[in-house]
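First to last, the protein sequences are chains A and B.
Under my numbering, the residues of the first sequence are numbered 1 to 225, in order.
Under my numbering, the residues of the second sequence are numbered 1 to 297, in order.
No lab work stands behind these hints, which were simulated from the structure alone.
Source: prediction; values computed, not measured.
No residue lacks a Cβ here, since even glycine has one placed at the ideal position from N, Cα and C.
Treat each hint with caution, since some may be false.
What the hints assert, rightly or not - Straight-line Cα separation of at most 16 Å, EDC-like style, residue types lysine to aspartate or glutamate; simulated pairs: (1) B/Lys110 / B/Glu250; (2) A/Lys89 / B/Glu203; (3) A/Lys94 / A/Glu51; (4) A/Lys89 / B/Glu201; (5) A/Lys94 / B/Glu9.
To be verified - Just a sample of chain A residues kept apart from chain B, beta carbon distances all over 10 Å, derived: (6) Gln86; (7) Pro119; (8) Thr202.
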Amino acid sequence: MITFENVSKIYKGHVEALHGATATIEKGEFVFLVGPSGSGKSTMLRLINREETADRGRIFVAGKDIARLSTWRVPYLRRNIGCIFQDYKLLTNKTVYENVAFALEVIGRPRHVVKAQVPAILELVGLDSKTRNLPEELSGGEQQRVSIARAFVNRPLILLADEPTGNLDPATSVGIMRLLDRINRTGTTVVMATHDRSIVDTMQRRVIELDEGTIIRDQARGVYS
Amino acid sequence: MKIDYVLRETITNLRRNITLTIAAIVTVGVSLALFGSTLLVGQGVDNVSDRWSDGIEVIAFLKSDITTEQREAIEEFIAESPEVGEWEYVDLEESKAEALRLFERNEAMKAKIEGGTRVPDSFRLSPESKDVNLMRSLGEQLTALPGVHIVTDESESVKTITAVSAFAQLAMLIVGIGLLVAALLLILNAIRMAMFARRREIEVMKLVGATNWFIRVPFMLEGVVQGLVGAIFALGALTALDRAMANAAENRDYQTIMEGFVASATEFRVTALVVVLLGITIGAAGSAWALSRFLRV
Numbered sequence: 001m002i003t004f005e006n007v008s009k010i011y012k013g014h015v016e017a018l019h020g021a022t023a024t025i026e027k028g029e030f031v032f033l034v035g036p037s038g039s040g041k042s043t044m045l046r047l048i049n050r051e052e053t054a055d056r057g058r059i060f061v062a063g064k065d066i067a068r069l070s071t072w073r074v075p076y077l078r079r080n081i082g083c084i085f086q087d088y089k090l091l092t093n094k095t096v097y098e099n100v101a102f103a104l105e106v107i108g109r110p111r112h113v114v115k116a117q118v119p120a121i122l123e124l125v126g127l128d129s130k131t132r133n134l135p136e137e138l139s140g141g142e143q144q145r146v147s148i149a150r151a152f153v154n155r156p157l158i159l160l161a162d163e164p165t166g167n168l169d170p171a172t173s174v175g176i177m178r179l180l181d182r183i184n185r186t187g188t189t190v191v192m193a194t195h196d197r198s199i200v201d202t203m204q205r206r207v208i209e210l211d212e213g214t215i216i217r218d219q220a221r222g223v224y225s
Numbered sequence: 001m002k003i004d005y006v007l008r009e010t011i012t013n014l015r016r017n018i019t020l021t022i023a024a025i026v027t028v029g030v031s032l033a034l035f036g037s038t039l040l041v042g043q044g045v046d047n048v049s050d051r052w053s054d055g056i057e058v059i060a061f062l063k064s065d066i067t068t069e070q071r072e073a074i075e076e077f078i079a080e081s082p083e084v085g086e087w088e089y090v091d092l093e094e095s096k097a098e099a100l101r102l103f104e105r106n107e108a109m110k111a112k113i114e115g116g117t118r119v120p121d122s123f124r125l126s127p128e129s130k131d132v133n134l135m136r137s138l139g140e141q142l143t144a145l146p147g148v149h150i151v152t153d154e155s156e157s158v159k160t161i162t163a164v165s166a167f168a169q170l171a172m173l174i175v176g177i178g179l180l181v182a183a184l185l186l187i188l189n190a191i192r193m194a195m196f197a198r199r200r201e202i203e204v205m206k207l208v209g210a211t212n213w214f215i216r217v218p219f220m221l222e223g224v225v226q227g228l229v230g231a232i233f234a235l236g237a238l239t240a241l242d243r244a245m246a247n248a249a250e251n252r253d254y255q256t257i258m259e260g261f262v263a264s265a266t267e268f269r270v271t272a273l274v275v276v277l278l279g280i281t282i283g284a285a286g287s288a289w290a291l292s293r294f295l296r297v
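Chain A with its partners taken away, still in its complex shape (with noise of 0.2 Å):
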């Protein structure tokens, strides 16, 4: 589903975020990345839906290229793979419902399908009771929740987690990662970067470690280090 083969990025001319990456990631697989900040956890994530690209090295998403994806494209990878932050990015002035249902409405998906999936993906993370609050009325977890409902409404292939459960209690991430557990048993590829060590030890998935940009381990049903 997704490929590394050799990838380096460097910014601004002198960092090097990334350094000679290869990892290859299969359909349906939940992998964490570790590795102290600034390690290249967020670069590996931001490339794989080409927010950056590579400097060296290819990158194959869904079997494609993308470094020779054309800009008019990159939308359309972009559907394919839904995002998670640790600061939610929902939009302040739009009620729950509405969060949810803008990522369905700007790619123009047709109404009578934004009100079947939009009621039905509010269900299954638990928030059907308040479609009409705003982010602000809920908890950090609820808001993660609508994050999660957004990421996934559109049914991508690829769920990709950048510190989903960084601002938030041991007991509130603990139902987060059951949820992305349950949307990884649906046959979603889920990409997680973390900092938690209960958890990553607790899910006993595969871990990838980088380290400076380097790939230090990767291995199947890991812990955190």
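Please build the complex by placing chain B on the supplied structure of chain A, with the hints as guidance.
Frame of chain A, contents of chain B only:
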């Protein structure tokens, strides 16, 4: 679905930066009004000086009761006079047609001409040299001939009007272009502000895979609306100017000077079209510039 999305977003953007929107519209309006006025006045001046063009500087209008012998005598005088360069005889039919064209917008004059008021035939000639004295003496000699009603030459007043209007047109054109550039920059900034206000939405839209056009269209439309509304205000100003020119042309007190100082209906329509297209272009260019500079894909 898509259309109501685009319209809703555009209206929200316009309302969100209401002061900048107004500034952009007013600037577009004023600059296009000046620009359009330049075109209209220029066409008026062209029409006034139409009969003075082609180097014809002296016109001898003939009396209504002129005999054929008298006319032949005048023709002979002109043909043999060494001071005369080019010359032509404009008969009654041509004169009438020309007058109808010059007074196209002056209904009163048009009615009179069509009602049978005689437009005199004339000899039109240009002197061999541009010497003012030569022209004057030629005029005097022609006036003395039997059958000549009146002789006009390109008087100082026409020259002054032409010179003053050329200067005024140039000044208006320069100010108009300057304001047009200001309008472009204001629209650029209005769009930039709108994009800044909506940066989180734009970020999310990119993330979930909205196409570039989908993100851009509301902003493009916002710029175009600003340009178009400005152009509509400019059209109002131009209509007023056109009426004022037509009234001045009909006013008996100014008639000799303002005669023919109107743009024809077609010329007005072309000017209006130019102004509207220019407004839309400015709006589209301003927003396209903002998008290409500040919207990273």
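Cross-check of the supplied hints:
no., hint, in the structure
1, B/Lys110 / B/Glu250, "holds (11 Å)"
2, A/Lys89 / B/Glu203, "holds (9 Å)"
3, A/Lys94 / A/Glu51, "violated (25 Å)"
4, A/Lys89 / B/Glu201, "holds (9 Å)"
5, A/Lys94 / B/Glu9, "holds (14 Å)"
6, Gln86, "holds (14 Å)"
7, Pro119, "holds (18 Å)"
8, Thr202, "holds (29 Å)"
When the structure is compared with the earlier hints, a violation turns up for hint 3 alone.
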